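K.L.:
The hints should help you fit chain B onto chain A, whose structure is shown.
Protein chains: 2
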Amino acid sequence: MDARIIGWGHTKFGRLEGKTLEDLIQDAAAEALEHAGISAGEVDAIFVGHFNGGMVKDGFPSSLVLNFDEGLRFKPSTRVENACASGSAAVYTARTAIQAGQARVVLVIGAEKMTALDTKGVTEALMTAAYQAEEAGVSFPQTFARFADAYFQKYGDQSETLARIAAKNHANAVNNPLAQMQKDVGFDFCNTVSDKNPMVAPPLRLTDCSLISDGAAALVMVAEDMAQEAPRSVKFRAGQHVNDYLPMSRRDILAFEGPAEAFARAYEEAGVTVDDIDLAEVHDCFTIAELLVYEAMGLVSRGEGPRAIAEGLVYRDGKLPVNLSGGLKAKGHPVGATGVSMHALCAAQVTGEAGGIQKDGAELAMVFNMGGSGVANYCSILEAEKTG
Amino acid sequence: MDARIIGWGHTKFGRLEGKTLEDLIQDAAAEALEHAGISAGEVDAIFVGHFNGGMVKDGFPSSLVLNFDEGLRFKPSTRVENACASGSAAVYTARTAIQAGQARVVLVIGAEKMTALDTKGVTEALMTAAYQAEEAGVSFPQTFARFADAYFQKYGDQSETLARIAAKNHANAVNNPLAQMQKDVGFDFCNTVSDKNPMVAPPLRLTDCSLISDGAAALVMVAEDMAQEAPRSVKFRAGQHVNDYLPMSRRDILAFEGPAEAFARAYEEAGVTVDDIDLAEVHDCFTIAELLVYEAMGLVSRGEGPRAIAEGLVYRDGKLPVNLSGGLKAKGHPVGATGVSMHALCAAQVTGEAGGIQKDGAELAMVFNMGGSGVANYCSILEAEKTG
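If you're matching them up, the sequences are chains A and B in order.
For the first sequence, my numbering begins at 49 and goes up steadily by one.
For the second sequence, my numbering begins at 49 and goes up steadily by one.
This is chain A alone, in the form it adopts within the complex:
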């Protein structure tokens, strides 16, 4: 029996001073349970997506959530981690628990508290997700700068395209009240190196990088035979998880093979092509990553990523709007929360509950969440189901 998403919760993303990791987890969980019309006592199992890497001292997030309600006591709870795809890892293990018949109601939470450290501290924490034997000391901006360098060498300088991706996502975030930066900074700002938009790792500027955020998101999933009674029901037309080698030296980085494999398997599972997808929330940890995703998802061919921007394919009114939420770029990227947030927002799109970022008539919404530089790859295609 497959799982259905029947409710979700989502804190605002941002610098949430005064909110601990425990607060974030419990806020999102409470909202998701209420949205689903499920009491804590009905939950059979809990999965928590959380990266950490030293960003907070809390090293036992699976049991932090139990404090929230006595009804959760003695329930099995498990933390899962796959770097920046930890949130999707939680969604997938939760779905598996329902498919296995081990649980009929599952609470999924993704959460991260990043702003307790300064930027240097966060950068060092994220660096632990690189291959230590070869890549120790290489920051994530530097890693993705390598991708950009390689891309520019092969296909010409695309700095302007990257700036347009950043500007698009910022413009989209204006309509998302949960976003960390609800601000349209404009293309010129993103395309100009300045005191406020310095080079972080050439050719990547500050506006090419996602944000450092606190936040959490949660889902309630149930066995499909329970979903008919739910206020809404969203099913997985596809859910594919593909890991690739950790060392960059073993991968053809521009081919983005892990992501491409995840997309291909997801389309096959759903029996659709990219043309059938109404919108996508994808992992724009850096603008170059979103550019490479346009190609990996098959929207355009290898080397033609810039055309997706130039022809307006990925804008709000384009053929396949990408990151209507603002993406990691402007919505924010609390690592463990990101994959759960993507699933929550895509579920909201297909049930028509996405508010200001709603795409009218959205039927198929796609999630692409990635850990590392194409190392842990999750691609889901969500669709609403009639209830009641």
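In case anyone wonders, no lab produced these hints; they're calculated from the structure.
Keep in mind it's a predicted model, so treat the numbers as computed, not measured.
Among the clues, some could well be false.
Because identical chains share one entry, a pair is satisfied inside a single copy or across any pair of copies.
Below, in silico cross-link-like pairs of lysine to aspartate or glutamate (EDC-like), each with a Cα-Cα straight-line distance of 16 Å or less [stated by the list, open to error]: (1) K105 - E172; (2) K434 - E118; (3) K105 - E182; (4) K105 - E183; (5) K283 - E411.
P.N.:
Here is chain B on its own, set in the frame of chain A:
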């Protein structure tokens, strides 16, 4: 369809200089695959149990294992964590993946590299698994010293019993070539505070504490319809996972409620009582924990734990031998590896492959693996199945 364990691997535990986390993971994986007669290319999914908490920089263990064999590329791999029960968390999520029909062959690995840090560093890393809002700064020896204090106040000083538990486990480890300390240190040594056996956190002495270890263990599990062709097959008569509140202030610590709940559910699932169990590998992170487990498992009543030692119930030739492997106390406790090691050694017992620590005729072997002080609790009962 349920899962069967058909092979395992187990590095020696100890201070393994020159072995990285990646080496440990790959050594255990290779041995398990060979033992099961499975090639890497046949694996459908991978689960890695790993705690870390800052003990090594490697923050992406799920993809470290892929380097080991090209056949693993593009397979889904997930790290799971539940503090010192992270290994069992991996075993359970792997079993679930098979039950869900998502995978027919799963590789499970538990690994930890602890000795890269000094004792102070390891202690601080483990402290992250406490409830930071109330227990920050309280080390795990101090946490379990509170349990011992409370026990001694209620039932009288049991220092001698604790020393006998330590001495038993050390004596058992003499027959386990994988143990970190294959040495019978004797009751007198354990019972005497000395330069070599100082008080760590009164009333707990050094010999009341488990070891700081490097090591890994791995299992191959397959769908039960594949197990008939396997060299051996071990089934789960029970597998129960129960989380409890993280803060000690919310728990009746001497009742050890989370562990007791896990045992009770496991007996019910298996349709057995403690009298039917032939041996148990249990979580003796501290000797007081093993004492409390005697009660939580129902071998003796509340407050009668010392009788299990005094009457010899838990010794090699007793009614229910506990920790024939030497336990965390003498086998060692590489955190993420421990739960997988327990499952591997119990599987070896019921298939008659446990070598020097074999209990003759063992049919039902029980695992109890615990994260925190009774916070994440896993209880499995394993039984062999005829193959071929």
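K.L.:
Going through the earlier hints one by one, which of them does the structure break, listed in rising order?
P.N.:
Violated: hint 2 alone.
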